Amino acid sequence: MHLSFYKYQGTGNDFIIVDNREDILHAYSTQLVQELCDRRFGIGADGLMVIKNHREYDFEMVYHNADGSQSFCGNGSRCAVHLANQLGIIDQEAYFLTTDGPHQASIKEDLIHLQLRDVSEIRILKDGYLLNTGSPHYVQHVDDWKDLNVYEAGKQIRNTLPFQKEGVNVNFVSLEQDNKLIVRTYERGVEDETLSCGTGVVAAALIAATKGHTSPITIHTQGGVLQVGFTKKNHHHFQDIQLIGPARMVFKGEVDCNA
-5 MHLSFYKYQG TGNDFIIVDN REDILHAYST QLVQELCDRR FGIGADGLMV IKNHREYDFE
55 MVYHNADGSQ SFCGNGSRCA VHLANQLGII DQEAYFLTTD GPHQASIKED LIHLQLRDVS
115 EIRILKDGYL LNTGSPHYVQ HVDDWKDLNV YEAGKQIRNT LPFQKEGVNV NFVSLEQDNK
175 LIVRTYERGV EDETLSCGTG VVAAALIAAT KGHTSPITIH TQGGVLQVGF TKKNHHHFQD
235 IQLIGPARMV FKGEVDCNA
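In my numbering, the protein residues as written are -5 to 253.
FYI, nobody ran anything at the bench for these hints, they're computed from the structure.
There is no bait here: all hints are sound.
Below are the BS3-like pairs computed for lysine-lysine, each with C-alpha atoms no more than 25 Å apart in a straight line:
(1) K102 - K246
(2) K174 - K205
(3) K246 - K46
(4) K1 - K46
(5) K174 - K140
(6) K1 - K102
(7) K205 - K226
(8) K46 - K102
(9) K140 - K205
(10) K140 - K120
(11) K174 - K226
(12) K102 - K226
(13) K120 - K149
(14) K246 - K1
(15) K205 - K227
(16) K159 - K149
(17) K120 - K205
(18) K120 - K159
Ranges of calculated distance between the beta carbons of each label pair, as one might list FRET restraints:
(19) N228 - G95: 17 to 25 Å
(20) D234 - K205: 16 to 24 Å
(21) K120 - K140: 22 to 30 Å
(22) Q80 - D141: 38 to 46 Å
(23) H229 - P96: 22 to 30 Å
(24) H229 - L105: 23 to 31 Å
(25) R34 - D137: 29 to 37 Å
(26) Q64 - K120: 26 to 34 Å
(27) K226 - R15: 33 to 41 Å
Model, not experiment: these values are computed from the prediction.
C-beta: ideal position from N, C-alpha, C; glycine also.
Can you build the whole structure from these sequences, using the hints too?
Right, dumping it as structure tokens:
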């Protein structure tokens, strides 16, 4: 079958998005997701999204990591909101459903403002922090972010016994002398470093907030700059969390595939 798709990126985190409102994909396999996301034999992406109709929301977005597993994706959600606007599904405001529940978003001056669910628990571990910002994240502070082998270091943490079964995203955070926060992320499901991870950036920002940083926090990734806004209720409880950043359609295409 011929499958139309949109290639998107949000600060270098790249995605395939399929407009499935007319149910062109009745059912699709994990293998199909893996094949389409393959960077050598497919289109190539960190993940694949399917946009569907929903009676109670503007739309539903189902996100798959490159290995086919489902999860919530912050940067992916921002890209889906941008496409929904381009397709005429929404104007400047969106209320849509994802795997972790409903989300609100808005488009302001070419930036997508995505609201995330509240975070009320941060676990302090021996060498880092664990929290869930829609996906589970481990945050560790490092001094030398430039020469860090994120693939090896992230893979080792992701596959330790506490995280081995469900997996965890691993974020390495560095604070520069000019108070600039830099984040590099190893993503589960991609099983490699990505140029940016929205929920990882949020996790890093909230940990920074426990150490005195105030909202909004600007974070630099390998793929660009994101902002995180929030209301701090107490040391480990955050509300009104927003991930703010650009989203761009790279191209539209068609691919032959076996759904």
